[in-house]
Each structure stands twice: as C-alpha cells, then as structure tokens.
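Keeping their order, the protein sequence lines are chains A and B. Read in order, the letters of the first sequence are residues 508 to 817 in my numbering. Read in order, the letters of the second sequence are residues 902 to 1180 in my numbering.
Derived by calculation from the structure, the hints in this document are not laboratory data. Treat the hints with care, since some could be wrong.
The calculated label-pair distances, taken between Cβ atoms and stated as ranges, are [claimed, not checked]: (1) A:Q738 to B:G1132: 18 to 26 Å; (2) B:K1070 to A:I737: 45 to 53 Å; (3) B:T1162 to A:I560: 48 to 56 Å; (4) A:D537 to B:S1041: 42 to 50 Å; (5) A:D537 to B:E1129: 42 to 50 Å.
Note that the coordinates shown come from a computational prediction; the quantities given were computed from them, not determined experimentally. Ideal placement from N, C-alpha and C gives every residue a C-beta, glycine not left out.
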Amino acid sequence: MDMKNCRTAYGETLVKLGAENKNIVVLEADLGKSTMSILFGNKYPERYFQVGIAEQNMASVAAGLALEGKTAFINSFAVFTPGRAYDQIRSSVCIPNLNVMICGSSAGLSDYGDGKTHQSVDDIAITRVLPHMTVLSPVDAVETEQMVKAMCQNKGPCYIRINRNDLPVFTDPKEEYHIGKMSRIRDGKDVVVFATGVMVSQAVKAAELMDKEGVSVRVVNISTIKPLDIQALKNHCQGMKGVVTAEEHSIYGGLGSAVCEALSAERLPVRILGIEDSFGRSAENYELLLKRYHLMPEDIAEKIKLVLND
Amino acid sequence: MAYLISDLEEVRRRAIDIRADILEMIPAGKAGHLGGSCSAADITAALYFKHMNVFDDPKDPRRDRCIFSKGHAVLAQYACFVELGYVDRSELAKVKTIEGILQGHPDMDLTPGIEAVTGSLGQGLSISLGMALGLKLNDSSSRVYAVVGDGELSEGQIWEAAMAASVYKADNLCAIIDYNLVQATDTTEKVFPILDIKDKWAAFGWHVIEIDGHDIEQILTALDKAREIKGKPTAILAHTVKGKGFSFAEGSAKYHNASMTEDEYRQALAAIEQMRMEV
C-alpha cells in the first residue's frame, strides 16, 4: 500500500493555502522542523511567528491575531499544544470561538523514541470536552490535506491530531471532503469497527483475520471526532451484532467514549479498544509500541469476538 | 504634549465618575472587585476619555484597543462603556446577574467594548501582543494597551509575552502595570514579592516609564511618550493604591473582592461627594 507522511502533507498544504489566503498566519514553538510548519515559514517569513519554546504564549498570541481577522495555526507536539497550553486554548481561544487552528503533531505513541513525556494519550479527551472546538484525526496524508483546507473555511477553533510516521493511504483524493464526514473503508455485515488514525489500517487487517473465521467486519474511518455525525454513525450500526471502537489514545475520553455517548440509547453492545489508562514509553520503533499497548490487528480481532458474545 | 488644566480636570472628573459607577455596580452587600478596579480607575479614565482613539461604534477598526489582562478590574471598563454609550446604564445594577450582559470577568461576546476574553491571569498581554502583530500585518496605526496587575506578574506567561514583544519590536503595544502592591490574599510583600520589577521589564527589552498611577498628567504624558518610542514596546509602571478613593479599602486585600457594609457604602458615597467638590 502507498505510504505517505501526514506531517509533510500538513506543511505542504499550509504553503499552498498561504499563497491563496493572505490572512493565514502560522506560529511555532521551536519544533517547526518536526511539525513541518517550517515550510510555511520559509515561504512567508512575514506571516510566520517563532515564539520560542513557549506554547502558552503561542496560543494566546494566536488568539490576538485571530481577533484582528487572521486564521492562526499554532504548532507543536500534541503533548504541548493542546497539552501544555490547555487553559490558554480554553480561555483565550475557545470561549470567544476564535479561528485558531491547533496542530498537535507527533500525536499518540508515534514519537516512539522520546517516551511518555512526548507521547499524547489524552489530547482527544482534553480537546473534545471544550465547547466550540472541532476535533480532527486524519487517517492519512491525503485526508490531512483535505482537512487543513477545510479548517480554513471552518468557523471557530479546530484541533488536528497528526501522526509522526508514514501511514498507508486510504483516501481517494478525488472524493469530496467535508468536516464531519466518516468514510466506509471496508464493508461487512456482522460487526462494525469505528477506528481513527493509524488504527484504521489495523482494523482493516483485523477484518481480514476475521474473514477467515467467517465473521464479516465493516471498517469505518472516523476522522471527525467532534462534531460526531451521529446519524451516519447509527446508520453504520444498522443490522450489526456489535460495535468495536479503535484508537491510539486512552480508553477514557476519546473516540470510544464519543461513540458510546452517541449510542447510549441503543441496544447494541460496544467494546472500546485503546490505551488502557497508561502513559507510553520509549521503543526502538513504532510497531513495538503498538504491540505493547495492544493496538494490533489481533487485539481488535479479540474485541470483535468479545462483542459477538456480549 | 502639555495639557491644559481644564483637560486634566475633565479626566479627573471622569475618574470620579468611574468610581461612582463602580459603587452603583456593587452596592452594600454585593461582592465585587472594588480594590483593583479603583487602583486602575485613573489609568482607565485617561485611556478612554483622553488618550485612545475611541468611536461611537465599539468595533470601529480605527479604534485603539484596551485589554484588561487583570480581568477582575473590568468594573472600571464597564463604567467607561456606559459613558461611551456602548452599554445601557441600567446594566450597571445587573452586573454579575444571570440576565445582565456585564459578566464577572471580561466577555467579548456579551459586552460591547470588550476586546478579548481575559480573567485567567497572564493571558491578556499575549493576546494584546497578537493583536499588535495583527494590526501591523494589516497596516493599521491603531495601538494596543494592556492593563496588567502586579500580582499577575508571577504568571510565567507574562514574561513569555514580554520576551516575544521585544523580539517582534511591537512598538504599537503598551503595557500598563497597575502596581498596587496588594493581591487576593495579602500584600505582594507577604504573598509573593517580585524584586526589581522595573529592571525586569527593561531587561526583557521594553522601554520603561515609572509614574504615579493616580496623577492624570503623569499618566497622559507617559502614554504620549510610549506612542513616540519606536522599535520596542513600552511598559508603564504605575504606582497605585488598591481601593484608591475609599479610605476603608485603601491598601487592603480585604477589598480585592468583597462586599461593603451599609456603613462603608455610606462612607464611599460621601467620599465621591468630597472628591467631586475638590476637583
């Protein structure tokens, strides 16, 4: 499968949008080479604000720029924005519903070498809980590009969660994208797996494993975690025996929670797969962490079997 | 520029009106941030009624921006908004009520004239810097004034903003530090003494002017000077008295956020009358 990097797609899309829209400004806290916001800075230095290693100031300065009509992108690792700048995002940005776009790069466990201080297992939870906030979690580089374009049309703050590693491409660039869209990656009739980010490809592999056991699994990419399209979600559940959610995030407050909240009045068993109330750790490669935290196709297959017996 | 006596008296009268309006907002028995609003009252009067470009439309793009980073002192701004016609006088009695538009801390969506959301301390200077940078990108000559508390200076974000403002040569930004020496719990000396405040701002790359924050002429002269300083932001270190104007509240942490007794309220009303006679 074609592998592409979401960070690169993010930075290149900012550059493209910057040419058309002079109101786009980008702020960075000394991780521009990682987040790839530096591509924008190289092209439009007058609209690129390096604030030093100061994420809190970055978030509030972005609010001020948005108050003067700018669409401000702030960038860092997800643990630092939104993590470190949570109150600034809450108070300076979300309460007044400003056009500040928050890029949480190296999200989830994807910064495998750096360990638990640099791995975000809670970023969806802390952004999803904020009124006015949109929460996006792209499945691949193509969708990342579509999302960044859509973010500039969207009103109010938006969080985008970006994986550090190359990911397989599922999205057809010719298909129209809008915020809120969920996409069926693979059809099936027994169990539906709602997955986000890197877990979409893991879920597709899990579905292939289940084929061999005679269980037919549908896989749906939920890349807009908030606002969740509840009607589309329920439609995907029609006729299913159970639901499994899969995310590279804590089992608390993320996609699994969002799906359970949406389906709370339905008589349908749901199993949540995610990181079980734990921080991450360092590893030689990403796959080792996905194994360690039970985020592999086999783990999803296990949940599918459990939900069938619920 | 030199000011006419009549100009200065006009601003002094406005500052008394602000204090009188604050009493209308927080009558006896109703809690409110009396101390910090009154220490900033003269600065606020000088900004809104003399120095800043203000218009009938609170969103006129040509306006200068004023952000209270010490958002709890917003009562002083509300008084100005009534005088400027942004807010109806009847709202003053409804401050901090469920049907009112005047919130406990600045809310730009509910209150015309409020520029940003502040109240979580330390953020207003950063927001002001973002506005200053945005105004420069938009080729606007409007200026941004951030009123900052001295207790608030213990927030690390203030110094992040201070560094960034000098890196970006934000000479359209002016911070006014309401140096009243008292914070929520007690005096800054007892709670958290910050040494060499003037030197700190200078070391962070700001032009610093030290004044008596209750002397209208000094305030206006410092604001004029700040407008002339190019290539760096200006910090006006304004020595003030918490609760200024009301003897029972002056220099006291008790009135950081408290309600007056009936007796204190009568004293406060009498103090307003006295101030009006003296101008």
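Here is what the structure says about each hint:
no. : hint                          : verdict
1   : A:Q738 to B:G1132: 18 to 26 Å : 57 Å, violated
2   : B:K1070 to A:I737: 45 to 53 Å : 49 Å, holds
3   : B:T1162 to A:I560: 48 to 56 Å : 50 Å, holds
4   : A:D537 to B:S1041: 42 to 50 Å : 29 Å, violated
5   : A:D537 to B:E1129: 42 to 50 Å : 34 Å, violated
Figure legend: structure checked against the earlier numbered hints; hints not met, in rising order: 1, 4 and 5.
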